[in-house]
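Enquirer: Could you build the full structure based on these sequences and the hints that come with them?
The listed protein sequences correspond, in order, to chains A and B. Mapping the first sequence onto the working numbering, position 109 (from 1) lands on 109, and the numbers just tick up by one. Mapping the second sequence onto the working numbering, position 143 (from 1) lands on 143, and the numbers just tick up by one.
Wrong hints could be hidden among the right ones.
Unchecked claim - In the EDC-like style, the derived pairs of lysine to aspartate or glutamate whose C-alpha atoms are separated by at most 16 Å in a straight line are:
no.: 1; chain 1: B; residue 1: K21; chain 2: B; residue 2: D103
no.: 2; chain 1: A; residue 1: K42; chain 2: B; residue 2: D53
no.: 3; chain 1: B; residue 1: K21; chain 2: B; residue 2: D125
no.: 4; chain 1: B; residue 1: K109; chain 2: A; residue 2: D87
no.: 5; chain 1: B; residue 1: K13; chain 2: B; residue 2: E90
no.: 6; chain 1: A; residue 1: K42; chain 2: B; residue 2: E25
no.: 7; chain 1: B; residue 1: K21; chain 2: B; residue 2: D38
no.: 8; chain 1: B; residue 1: K109; chain 2: A; residue 2: E48
no.: 9; chain 1: B; residue 1: K13; chain 2: B; residue 2: D103
no.: 10; chain 1: B; residue 1: K13; chain 2: B; residue 2: D53
no.: 11; chain 1: B; residue 1: K21; chain 2: B; residue 2: D42
no.: 12; chain 1: B; residue 1: K21; chain 2: B; residue 2: E43
Hints listed in this document are in silico derivations from the structure and should not be mistaken for laboratory results.
Here is what each chain is made of, one letter per residue.
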Amino acid sequence: MVDRATLARQFIEAIPHARALGLELVEIAEGRAVISMPYDEKLIGDPETRVIHGGAVSALLDTCCGAAVMSHPTQPDATATIDLRIDYMRAATPGQTLVATAECYHVTRSVAFVRATAVDGRTDVPVASAAASFTAERR
Amino acid sequence: MPRSRPEPMQVVKQRRDGALKALVEAVPYVRFLGIVFDRRGDELTGVMTYSEDLIGNPFLPALHGGATSAFLEVTAIVSLSWAVLWDDLESGALDIARLEAGDLPRLPKTIGLTTDYLRSGLPRDAYARARIVRRGRRYASVHVVGWQDNHDRPFAQATGHFLMPPRDGDGAPDTPREPMAPGGPGPADG
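Expert: Have a look at this one:
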């Protein structure tokens, strides 16, 4: 039997947009995923402060939430975002790698509920948090 | 008294297009996503030109939800900045030469953004337009709709709240943030 975690890892590494953002899967198991995004100048959203764009943080959190859904023990075959809410608490420190952690905390027959945070390792206050729902598709 | 003769169209267009170009091209992430803006008068339409790098599900294929959300957020921020810039541009208060030299106005900061994914994003160009629901001195609320082939069939929409950059005469830029009162910012936030 193929390991679910291996499948999910391969799935993420096959996502072109995740590759373009430079995302790296750190950890994935049982409905929990950790993905990092190294600082890159192409992601800058404010040329004056060199802080990365909120959109890049959204993309990191969205990918991380999707990965958490795929690794859930209820084994969905595919998933897509239904809605995603992001709160930006503070600017990400320029030069720092962002690390997102997502937890898929409930799955029904067709919907998965996920929450996530992104930190930059500078303070305990996350850069952003997310609350999302995803489709949980089954054959 | 007869009104003053309007400026030649080319002069007006050049000034407006120059200001928009300076605003958009200064942001590396906007280039990364391949977003450009189409202008008709003061109305902007964001265009996210399709590239394989925007794909989130290679099997369907479909646009990445993060790219879609980012596209709507970029459209909201640029539209909001453009609305602020427009007033100064038309009144002549804005120095275009300084703008083009990279001396850009501070950008609004996203407080929160909620994206609804209504349909799978197809592997082709996407468009978005923002409606500024409310623009106060400190906070703004913006609604953005994204579509592809058919304007009446949006593939995503978002609502975002933004912290507006301090304007000249606002006092210290780093004054502590006031808590948002129930029902939104008070009358002083006009």
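Enquirer: Going through the earlier hints one by one, which of them does the structure break, listed in rising order?
Expert: The structure breaks hints 3, 9 and 10; every other hint is satisfied.
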